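Engineer: Here the protein sequences line up with chains A and B, keeping their order.
Quick note on the numbering used here: the first sequence kicks off at 2 and runs consecutively.
Quick note on the numbering used here: the second sequence kicks off at 335 and runs consecutively.
What the hints contain is simulated information worked out from the structure, not anything from laboratory work.
As the structure is a computational prediction, the values presented were derived from the model and not from experiment.
Each residue gets a CB set at the ideal place from its N, CA and C atoms; glycine is no exception.
Please note that a few of the clues may not be correct.
Stated by the list, open to error - Derived DEER-like restraints, expressed as beta-carbon distance ranges:
1) B:1009 <-> A:3: 42 to 52 Å
2) B:1009 <-> A:6: 39 to 49 Å
3) B:1008 <-> A:88: 27 to 37 Å
What the hints assert, rightly or not - Which chain B residues stay away from chain A? Per the calculated CB distances, all over 10 Å, these:
4) 390
5) 400
6) 408
7) 479
8) 631
9) 638
10) 906
11) 911
12) 967
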Amino acid sequence: MAVMSQAILYEYLSLGAVLFVLGLIGFVARRNMILIFLSTEIMFQGVAINLIAFGRYWMNMDGQSFVIFLLTIAAAEASLALGLVILLFRRRETLNVDVWSEMQG
Amino acid sequence: MLPGLSIMQSVALIPLFPLLAALIITLSGARVLKSRSWMPAVIGVAISAVLALSLLVMFQRRHIVGVQHLTIYHWISSGGFSIPIGIYVDPLTSLFLVFVTFVSTLIFIYSCGYMQGDYGYFRFFAYLSLFVFFMCTLVLADNFVLLYLGWEGVGLASYLLVGYYYTKPSAREAAKKAFIVNRIGDTCLAIAIFIIYLVFHTETFSRIFQSSDLKNVGFLAAHHGTLIWIALLLMFGAFAKSAQFPLHVWLPDAMEGPTPVSALIHAATMVTAGVYLIARCMPLFTLAMPVLHLVGVVGCFTAFMAATIAMCQYDMKRIWAYSTVSQLGYMFMALGVASGTAAVFHVFTHAFFKALLFLSTGSVMHAMGGELDIRKMSGIRKVMPITAGCLLIGALALSGFPGFSGFFSKDEILTAAMNASWNWGPLLSVVGFITALITAYYTFRVFFRVFMGDLVLPATAGKHEPSAFVLPEQARLESSAAHGSHGNTGHETDGHKPSDGSAAMWMPLIILACGAALAGYLGVFGGANGGGWIQSFLSPVHLLNGAAHPVVITPGTHIPVQTVSTVRVAPAMLMGAGAVLVLLGVLVAAYFHWANRRAADAVGAALAPVVKFLENKWYIDELYNYGIVQPLWLFGQALSIFDRFVVDGVVFMIGFFPQFTGYVLKPTQSGRLRYYGIGMIAGVAVVILGVLYLLR
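Same shape as in the complex, but just chain B:
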């Protein structure tokens, strides 16, 4: 692709351009680049996007087929243990690379406008580029250790960006929460990697997944329990990164970061790393069916729970955050019924429409002076028409409105679940349909509340967003402004009319809107045998949809793994049912939140206990607090007492001994010359007498 380099060498460069950008910005951002810090970042990630897209085209035109490897060099090598830095490229990698770099490019461009004038502008772009580097490393890695490096790296970037407004206590807390909750999953993943080495004596994907051991009955019988543990630990790793119950608590709080970060990291890309991990390790998961089923059940439950919570939240970003958790739940549900294709398809469409929703929300936030409470604004389509249009398309796609991308991908998941060979599949599918109804409701609740109806702007509208940084000078400036005669000086005077913002902000919105509207058609048209393009594109990926043949573990025990073995309900029927439910949800939202808002309040009052339960997010944070945080705090207190009395006691005792000795011997130092003289003479006398005695 690049002149003078092979295809694989060019692919290996994809992560390096953002890394280079991050380095350039870090080194020269503060002094040289300043407000031009976006340039290296946007250029770096755009080159990566072009390379990733050409890789996709190569696969499509069959210039490259199947799985490709390139070992760049040996990273860790000790005796028989060797970890290469290498890349593993198959259609799954290629698809992930394309949407990661493409969505990143758009969000980078958006950020140029959105973050304009913010303190630490260059820092933001450095972190963001670093994130893209790690994310590309994660999906390109050809072994578990390198994948783990990318995995930790994106966690680090996420931590840095959630805590970007580090002077704000809530942002600091959210960053720590994200980091600690992710640590649980990371530890599980690390242990899984250790066990994988013990079982397979290698960490390289191709050697593990294609190994003859996985078809060897004796090996499988001997390692059945171990394989279950590997899958279980990988699953927990994926759950923490992808915010699945019970490790989902960090994601809604992560919305403390700047909005483009929420769009890129906490909606479109990083949180799908868990889906990637399980899809990639599907050959291992198909040998541990109970775990795969657990993935499906937890995903389904998370989808439902997060959707119900989203119904009763008032902060727009928080609603989209719970919506992300819910949509990730759908993806895990698809993985649980061994339909990796459906999961990846939903990852792909979700990246577009969720990024679009977040960025549109960012524009609203920008125009409304940082206000995001949907109760405080209404009818703002009149002041920001482009944003309203884009958010509408995003909402249609998210709710799965017929014809938009979410419709096709969600339908694919629900069909796969309904017709899975696993008996619980239909149950998951039914819950999925109910969740789809709720999704349509909460999505359009936001849209109708905020964009339709009479124009109501919050008091802060049109003012510059108060910078989240409380720096000493600014604090002083603001307090002097409050004491001034008008109370309205400084940066608040140069306010602007609420609008769609600069072209850097609305152009990416429009491109994402096209993606959100049309990406779904890739799953219905353009493929072989009348199927979708995505399905035929991903078909070479090894065991993405489970094993084709039942695997015999011990004689008489079969593990049947087949994606769609039965056709319980015709796909067309399911599609129709999905469409009806979505329309119902939209209509309910339209009635309660556009036509007759008083009715919504009345219903809310009638169902007060339920609403309170949902507003408090099922009290899961409280459960964590009383179940884990408080006991840990008490344990810490106990340790502190031990430290203060036992450890410190020993240290003081050791210090006390020479002090006491000195106190006892103190009177011997009189300061009189003659006593020193006598002491000296006595000493010499003793020495001489001693010597004489010894020599006698």
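Just chain A, with the same shape it has in the complex:
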């Protein structure tokens, strides 16, 4: 396997950062609960790409094995979060997250 050059690593890292920031903006700006959830998933993927890029750059398996765990956890989280979203939807018949503001002080 050929060694990855530093310039290519930067490109991958830029991609991860772009994905992460996109997810972040989506998380803050969106109101639909499912889309907010998807935004967080995008942030996850940004992080995962970074890890894999570093793993490839240093020529070891650490990054990849991390990412496998990360994906597993993300999948488990997704099933839980979707269940919660459905529960919340049944309560108020809407996916708008602003309806839920009971935490107000």
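With chain A fixed as given, assemble chain B onto it according to the hints.
Structural biologist: Chain B only, in chain A's frame:
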């Protein structure tokens, strides 16, 4: 005495039998023993009485001589400081033990009948047994700390028993008053004990009293002031316990307790603990003559004051209470002229006749449905002849009628005072004679009013004494009875004819009456050299009657301490004068309160201001109220204001700070998910920028 035990070991068991009884009753009284709760108490104290009596016989037959000690174990021990649990037995201890346990036994038996059916029957006997335990500990102690334990213990028992009818506000108040006034004396006693340790480096009686320091001129000169303070503080301790002016105020109120308690604790035994203390510490008091003289003067004044108050009271128990204060005054007068023998002799006779008077009064109270006002009854000898006879003997003994016990013991005190080497002695003696006249008057005022003349019974006579306990069920029962058609249901219907009561009640009266009549002869006959038995029995007690030789304190300063150095008036003359005064008092009482009661009212009306002054007990309670209680109350109010505004203010300030912070930060919690998200991102950004800045 007991098989397998030495004499001293048996003596050490004397206090333990009542303690055992108290424990048994406490543990099983409520559920198992119930109305048989008297059994352990009576058995326990009777065994103690037998042991105490055999100890007395041992001393009499000279099987044991002088002072005996037994150290049971080391109680407190810290470095050089060591307090043993030990007993100190000499004739004085032995005499006190005998009359304490003997009178207790009789009063316990009386209580079986008297307290029958009362709520908390077992509690009463548990307290009473506990009292006997502490009293025996007090007189057996061989050091000041153990004595203090007994001293506090009898105070506790007294408090519990005065407040026995704890649902009654007046009983609660009286219990608190007794406890608080006694606390003043207890504190003085405690301080005296501390100083004794500082001076003598020990608390054990024998080491202090027999110490060579007390004969060492240099030591005495160096510690003269300290010894005065010790004696003064011991004196205040004794004054509080033995109800001497100005600390006498608790004793008349203590009559709120059941009558057997008044008889045992507040007349016969506990209140003589002060006399015991001073008699025991006579070796210290003879080195502080000004204090001993103060004891005599205060005793004399108290005797006179209490006797005058007793003339104008109407409640029988209250009259006997003031009479007790007055008789205790006589005892302190005897101590003041360094005649411990006379004081102890009077303690001994007084125990019999005052217990008798109280118990007879209890029988009257029982028969009259709780009524004790001498204005509301008359001529009741016709319905209760035995009680009348016993009370008459008690009255004769108290007033010092020739031939009865009080006559001999009072005469001994007055003779000792008259012929004391101290120049004020005769003055005390004269006041004592006047007091004897007053005593005869007030004693027979009660007897003639209540027992002689036409039969008049109070409305409550023959009914069961309304229980002093107001329990919820009973209160309901009584109110329903009041609304009923007859207003006379429940326990009031099973009334009885006023009578002497059961045998458990009148048998002890008769035994006490024999004691009250005859105990005085122990002070005239049966001793060595033609003297009385008591005098020769007590003669081995160390320095009971002061030092035999003058003690030199500093060169040129002599403290002459001799019991009878001069014979100013022949004892026979004094005896004759005493007899005449008593007869005069009895005759005056007979005229005003039997033959011609209207005359008494006329004299009373003529002397209205004096009568009012005496009825109000010299306004001493009022003085206490305005002098001490009210200022203390105001001080308490001031402290309460300080607490409310200053202390509470600081606490509220501390509580206010986080509350205010929370109020300021409250709007940041909007409840919107996105703002939390932004907050989180901003936080992470700050952390990252911070880290980058630091790692740059």
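Engineer: Next step is simple, just say for each hint if it's right about the structure.
Structural biologist: Against the structure, the hints come out as follows:
Distance hint check for residue 1009 of chain B and residue 3 of chain A: the Cβ-Cβ separation is about 47 Å, which falls inside the suggested range of 42 to 52 Å. With their beta carbons about 42 Å apart, residue 1009 of chain B and residue 6 of chain A fall inside the hinted range of 39 to 49 Å. At about 21 Å, the beta-carbon gap between residue 1008 of chain B and residue 88 of chain A misses the expected band of 27 to 37 Å. The beta carbon of residue 390 of chain B is kept farther than 10 Å from every beta carbon of chain A, the shortest such distance being approximately 86 Å.
With a cut of 10 Å on Cβ distances, residue 400 of chain B stays outside the contact zone with chain A, its closest approach being about 88 Å. Distance to chain A confirms residue 408 of chain B as a non-interface residue, since its nearest Cβ pair spans about 67 Å, more than 10 Å. In this structure residue 479 of chain B is separated from chain A by more than 10 Å, as the shortest Cβ-Cβ distance comes to about 64 Å. Distance check on residue 631 of chain B: its Cβ is at least 79 Å (rounded) from any Cβ of chain A, clearing the 10 Å threshold; non-interface status holds.
The non-interface label for residue 638 of chain B is consistent with chain A: the shortest C-beta to C-beta separation is roughly 80 Å, beyond 10 Å. No beta-carbon of chain A comes within 10 Å of the beta-carbon of residue 906 of chain B; the shortest separation is about 102 Å. Distance to chain A confirms residue 911 of chain B as a non-interface residue, since its nearest Cβ pair spans about 96 Å, more than 10 Å. For residue 967 of chain B, the non-interface assignment is confirmed: its Cβ lies about 49 Å from the closest Cβ of chain A, beyond the 10 Å cut-off.
Comparing the model with each earlier hint shows a violation of hint 3 alone; every other hint is respected.
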